[in-house]
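S.K.: Each chain is listed here by its residues.
Number of protein chains: 2
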Amino acid sequence: MLKYFQITRYKNSSEKKLAQSIKNLFGFYPKNISLFQQALTHSSAAKHSKSNERLEFLGDSILGTIVAEYLFGILPNKDEGVLTQVRSRMVSRVQLNKLAVKLGIDKILHTDIKGNISYALYGDAFEALVGAICLDIGYEKTKKIVVEKIIKQHFDINTLINEDTDYKSRLINFCQKNKMPLQFILLSENMDGVKKIYHIGIELNGEIIAEAQNASKRVAEQLAANAALEKLDILS
Amino acid sequence: MLKYFQITRYKNSSEKKLAQSIKNLFGFYPKNISLFQQALTHSSAAKHSKSNERLEFLGDSILGTIVAEYLFGILPNKDEGVLTQVRSRMVSRVQLNKLAVKLGIDKILHTDIKGNISYALYGDAFEALVGAICLDIGYEKTKKIVVEKIIKQHFDINTLINEDTDYKSRLINFCQKNKMPLQFILLSENMDGVKKIYHIGIELNGEIIAEAQNASKRVAEQLAANAALEKLDILS
Numbered sequence: 001m002l003k004y005f006q007i008t009r010y011k012n013s014s015e016k017k018l019a020q021s022i023k024n025l026f027g028f029y030p031k032n033i034s035l036f037q038q039a040l041t042h043s044s045a046a047k048h049s050k051s052n053e054r055l056e057f058l059g060d061s062i063l064g065t066i067v068a069e070y071l072f073g074i075l076p077n078k079d080e081g082v083l084t085q086v087r088s089r090m091v092s093r094v095q096l097n098k099l100a101v102k103l104g105i106d107k108i109l110h111t112d113i114k115g116n117i118s119y120a121l122y123g124d125a126f127e128a129l130v131g132a133i134c135l136d137i138g139y140e141k142t143k144k145i146v147v148e149k150i151i152k153q154h155f156d157i158n159t160l161i162n163e164d165t166d167y168k169s170r171l172i173n174f175c176q177k178n179k180m181p182l183q184f185i186l187l188s189e190n191m192d193g194v195k196k197i198y199h200i201g202i203e204l205n206g207e208i209i210a211e212a213q214n215a216s217k218r219v220a221e222q223l224a225a226n227a228a229l230e231k232l233d234i235l236s
Numbered sequence: 001m002l003k004y005f006q007i008t009r010y011k012n013s014s015e016k017k018l019a020q021s022i023k024n025l026f027g028f029y030p031k032n033i034s035l036f037q038q039a040l041t042h043s044s045a046a047k048h049s050k051s052n053e054r055l056e057f058l059g060d061s062i063l064g065t066i067v068a069e070y071l072f073g074i075l076p077n078k079d080e081g082v083l084t085q086v087r088s089r090m091v092s093r094v095q096l097n098k099l100a101v102k103l104g105i106d107k108i109l110h111t112d113i114k115g116n117i118s119y120a121l122y123g124d125a126f127e128a129l130v131g132a133i134c135l136d137i138g139y140e141k142t143k144k145i146v147v148e149k150i151i152k153q154h155f156d157i158n159t160l161i162n163e164d165t166d167y168k169s170r171l172i173n174f175c176q177k178n179k180m181p182l183q184f185i186l187l188s189e190n191m192d193g194v195k196k197i198y199h200i201g202i203e204l205n206g207e208i209i210a211e212a213q214n215a216s217k218r219v220a221e222q223l224a225a226n227a228a229l230e231k232l233d234i235l236s
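For the protein sequence lines, the chains are A and B, in the order given.
Position one of the first sequence corresponds to residue 1 (my numbering), numbered consecutively onward.
Position one of the second sequence corresponds to residue 1 (my numbering), numbered consecutively onward.
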């Protein structure tokens with residue numbers, strides 16, 4: 001009855017269809033459907049409406065905070081370096097792009113691009129959807145949905161935790177096996193205001209293929225190694 | 001009466017004193033005082049208790065999201081590049097360190113450091129306090145407190161908005177006036193997964209003094225110029 005009432009609040013069949021997709025994905029009918037229309041509108045298709053870029057800015061931050069809160073709670077004995085690494089792995093571009101396609105966001109995103117569409121558009125749209133959800137129903141409910149419908153369904157935290165410190169070793173092993181000359185390079189060691197920031201690059205066959213920055217040199221190396229493994233497409 | 005009741009819930013005079021500081025700073029008496037003790041314990045003084053580093057990880061993310069939500073709401077016509085820049089300026093290390101001292105966090109932080117204490121410790125402790133507040137009373141109430149007690153009291157958003165696009169010009173003008181050879185250098189143009197990330201360095205007198213990364217080259221230049229201005233200590 002509630003469901004019937006709610007689905008009839010939408011103006012037309014296109015709104016109803018979108019509302020049903022949101023319900024299927026996240027378990028609720030949106031109050032403000034226009035937020036979700038915007039979240040699913042890439043700038044290429046945003047001629048008469050707003051694109052999803054502002055919502056992506058918001059959703060990127062909200063998603064990072066939800067993951068931070070979640071990891072803080074379930075990993076009470078891990079230090080902030082581990083939390084940073086696990087979160088970075090969970091919200092990496094590659095991970096979010098894959099997740100977005102798994103959720104079927106590629107099928108509901110509006111674009112006006114001829115030819116091949118970069119998967120990044122889907123990850124961006126997923127972030128924009130998180131922003132739209134938060135504006136529609138607030139942070140606490142969004143957190144619940146992201147934890148229950150996304151994190152618990154699509155991430156194996158145990159695997160992520162056990163993988164958390166061995167990106168550097170995995171990269172070294174892979175390169176040794178494949179006889180690829182590998183170097184971890186300290187690109188810079190700058191002060192960000194008053195804090196030292198280590199900027200590590202991964203050089204493979206003479207080319208910098210990935211980089212990362214962190215206040216801890218060890219964490220920066222792990223983040224850079226993680227990015228390199230993702231780029232080489234050898235992360236399980 | 002309520003105040004009296006609440007202040008008497010704490011075990012000893014040190015807890016009462018801290019609870020009063022939190023009330024003066026943020027307008028409420030903490031439920032879980034140990035979170036705030038931890039937030040104000042630097043790793044150097046954390047022999048028998050936990051340090052504030054995990055809370056700093058959490059608070060850094062929460063603060064960024066609160067600022068993102070706030071800017072999203074009050075700047076409906078600004079694009080995500082402007083939002084990114086204004087936020088970056090608000091939560092920069094230099095800004096947070098200054099803010100923390102203004103709030104008097106330097107007087108209540110526990111450290112065991114001999115000699116000069118880096119101001120970064122105070123900014124870190126402020127972030128850890130935001131993490132503690134969120135765990136104590138939830139995100140929505142934390143947002144209200146940060147917006148009312150911090151952002152509205154200590155940030156002039158109009159100035160920040162008007163300043164938002166001219167860091168590059170200001171840096172160029174400053175360097176021309178002072179006859180300092182300045183260069184914006186594209187350090188790399190890497191793919192972060194499938195998205196292009198521009199990495200801009202600011203070279204002054206032959207040395208890279210600041211850098212930043214962004215998917216927009218224009219925004220990366222502005223962020224790097226902002227960091228350079230902060231380092232040169234010529235931001236008003």
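Treat the hints as calculated values from the structure; they're not laboratory data.
Keep in mind that a hint or two might mislead.
Identical copies go unnamed one by one, so any copy, or any two together, can satisfy a pair.
[Said to hold, decoys possible] The list that follows gives simulated cross-link-like pairs (lysine-lysine, DSSO-like), each with its CA atoms no further than 27 Å apart:
id, residue 1, residue 2
1, Lys47, Lys114
2, Lys102, Lys179
3, Lys196, Lys47
4, Lys141, Lys217
5, Lys114, Lys168
6, Lys23, Lys179
7, Lys217, Lys144
8, Lys23, Lys152
9, Lys231, Lys23
10, Lys78, Lys177
11, Lys98, Lys152
12, Lys177, Lys107
13, Lys177, Lys23
Predicted model, so just to flag it, every value in this text is computed and none were measured.
S.K.: Any hints from earlier that this structure breaks? Give me their numbers in increasing order, please.
M.R.: The structure breaks hints 2, 4, 5, 6, 7, 9, 10, 12, 13; every other hint is satisfied.
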